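Sequence order for the protein chains is A and B.
Just so we're aligned: 204 in full-length UniProt numbering is position 204 of the first sequence, and the numbers increase by one with no gaps anywhere.
Just so we're aligned: 2 in full-length UniProt numbering is position 2 of the second sequence, and the numbers increase by one with no gaps anywhere.
Rather than coming from a laboratory, the hints here were simulated on the basis of the structure.
Keep in mind that a hint or two might mislead.
For chains that are exact copies, the list does not tell them apart, and a pair is met inside one copy or across any two.
As the list claims (entries may be wrong) - Listed next, the in silico SDA-like pairs over lysine to any residue satisfying Cα-Cα at most 25 Å (straight line):
#, residue 1, residue 2
1, Lys110, Thr74
2, Lys169, Arg73
3, Lys134, Glu99
4, Lys133, Trp70
5, Lys165, Gly14
6, Lys133, Ala94
7, Lys68, Pro119
8, Lys110, Glu182
9, Lys133, Ile84
10, Lys36, Leu124
11, Lys169, Arg190
12, Lys68, Ser191
13, Lys133, Pro71
14, Lys224, Arg118
15, Lys169, Leu112
16, Lys133, Glu41
17, Lys110, Gly180
18, Lys218, Gln146
19, Lys36, Pro122
Remember, predicted model here, so these are calculated numbers, not experimental data.
This is what each chain is made of:
Protein chains: 2
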Amino acid sequence: MPRYRLTIEYDGSGYNGFQTQAGQPTVQGAIEMALKAFCGESIRIAAAGRTDTGVHATGQVVSFDLEKAWPSRTVMNALNAYLIEEEVSVLDCAEVDPEWHARFSATGRKYLYRILNRPGRPALDLGRVWHMKKALDADAMHEAAQALVGLHDFTTFRDVNCQSKSPEKTLDVARVTRVGEEVHLVFEARSFLHRQVRSMTGSLVEVGLGRWSADDLKAALEAKDRAACGPVAPSDGLYLTGVTY
Amino acid sequence: MPRYRLTIEYDGSGYNGFQTQAGQPTVQGAIEMALKAFCGESIRIAAAGRTDTGVHATGQVVSFDLEKAWPSRTVMNALNAYLIEEEVSVLDCAEVDPEWHARFSATGRKYLYRILNRPGRPALDLGRVWHMKKALDADAMHEAAQALVGLHDFTTFRDVNCQSKSPEKTLDVARVTRVGEEVHLVFEARSFLHRQVRSMTGSLVEVGLGRWSADDLKAALEAKDRAACGPVAPSDGLYLTGVTY
């Protein structure tokens, strides 16, 4: 059976997260519905990252098998046609090795967190950014964020419902930059704990507001205690932007 | 009576244009409703550009008088509070000279047209970009666009319902650039004819697709004939980004 890889974009605002839940609109549900409409098969897809409710993606990757070997362009166009009422779009489709797996073959995930940092609330990007009225010191955030890079026990920045066996992860990149009226936080790692990016972002915002020092952030990490985490950033500003293999 | 200037952002998708129309949701209607809720007065606002249905703004400017002199910060915060259910946001508010007028004092308007130029349809920017699957030659578009700069009779690029007395306008800037997956067209002039930007954009896309040469575009301009215009670009990708005074 031929295996396919899709690169997917979605606006997570209208979905109860990526993963299928009975009776709830999900991104996985939308894609599997489109696959069923296309080829009549009930297919279960695998994804590189199971994003939470309200989280967006510009570079989610999924894989699945089809019974028949369709040209990848046909699969892409058909799925986009069946997804026309959804806020999900297929950006790319390719046939891949049957051993290849969107989740297990992944060697890195990249997330972007967008903060709109201005007095006026967003009209055009409502639901797609976290709006912060007070000025953030992006340089201070970037400097503090470097303490998170490397192999650490991220218990502080892990949701209490996280099902990962170990709280130890290696964060490869933590970069905070000002882009016009926005502050962008980019994080790269082989994998992340549940709500790790939003937890780190919320704590870094405390630094950006001058409420925490870089040392406070380091102490929070070293506490290995969920209670030491700052307020968790909302889902609105979070994007899965890419997966490496 | 003190006069105020507001800078406004809006997602035009849900509005029947800027200008008040009985029984229709409009941007002007939303702002005047918020002003009435704030101070109880029925105020008619003036705007730098009366954008069409579906057209967006990141830098629309409006002016109006209030009976009482409120601090400009109070006006901005109150209006944003009353606009919370709308896709309209006040970015800035200032008290201005009573002679100053958002429309008549304006010396320049700046528009951006965003084309998403990739095979996959937009999921995140649906309604906010014009989606073109075929690759556009942005350099060819930019080169051809220079024929539009200067003082011309823009009859070709003017809607048949345009109410401007003269079809002559001076286009100061026409710039086409590729920005990642998007092609951006920027136009600046003292003022524009009705649908001029969308008409010029649609014709420049013919150049970008290789269907028209730069000479064809020039010939269309010189024809001074609406029938010589290419397909008019949809409202989705158009933004009023700024006004100069």
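Do the hints match the structure? See the list:
Taking identical chains as interchangeable, the C-alpha atoms of Lys110 and Thr74 are never at most 25 Å apart, the minima being 28 Å within one chain and 41 Å between chains. Taking CA atoms no more than 25 Å apart as the test, Lys169 paired with Arg73 passes in neither setting, with 37 Å inside one copy and 45 Å between copies. Within a single copy, Lys134 and Glu99 get their C-alpha atoms no closer than 49 Å, and across copies no closer than 33 Å, so neither meets the 25 Å cut-off. Taking the shortest alpha-carbon separations for Lys133 and Trp70, only the inter-copy value of 21 Å comes in at or below 25 Å, while the best intra-copy value is 50 Å.
Taking the closest pair of Cα atoms, Lys165 and Gly14 never come within 25 Å of each other, the shortest separation being 30 Å inside a single copy and 46 Å across copies. Proximity of Lys133 and Ala94 under a CA criterion of 25 Å is satisfied inter-copy only: 18 Å between copies versus 43 Å inside one chain copy. In this assembly of identical chains, Lys68 and Pro119 lie within 25 Å of each other by CA distance solely across copies; the values are 24 Å between and 54 Å within a copy. For the homomeric pair Lys110 and Glu182, the shortest alpha-carbon distances inside one copy (19 Å) and between copies (21 Å) are both at most 25 Å.
For the identical chains of this complex, Lys133 and Ile84 are inter-copy neighbours only, at 15 Å across copies versus 35 Å inside a copy, given an alpha-carbon limit of 25 Å. Taking CA atoms no more than 25 Å apart as the test, Lys36 paired with Leu124 passes between copies only; the shortest distance there is 24 Å, against 34 Å inside one copy. Proximity of Lys169 and Arg190 under a CA criterion of 25 Å is satisfied intra-copy only: 8 Å inside one chain copy versus 56 Å between copies. Taking identical chains as interchangeable, the C-alpha atoms of Lys68 and Ser191 are never at most 25 Å apart, the minima being 33 Å within one chain and 57 Å between chains.
In this assembly of identical chains, Lys133 and Pro71 lie within 25 Å of each other by CA distance solely across copies; the values are 18 Å between and 49 Å within a copy. For the homomeric pair Lys224 and Arg118, neither the shortest alpha-carbon distance inside one copy (33 Å) nor that between copies (44 Å) is at most 25 Å. In this assembly of identical chains, Lys169 and Leu112 lie within 25 Å of each other by CA distance solely inside one copy; the values are 18 Å within and 43 Å between copies. When the C-alpha separation of Lys133 and Glu41 is checked against a cutoff of 25 Å, the pair qualifies neither within a copy, at 49 Å, nor between copies, at 28 Å.
Proximity of Lys110 and Gly180 under a CA criterion of 25 Å is satisfied in both settings, with 22 Å inside one chain copy and 18 Å between copies. Taking the shortest Cα distances, Lys218 and Gln146 sit within 25 Å of each other inside one copy (9 Å), while across copies they are farther apart (55 Å). When the C-alpha separation of Lys36 and Pro122 is checked against a cutoff of 25 Å, the pair qualifies only between copies, where the shortest distance is 22 Å, while the shortest distance within a copy is 37 Å.
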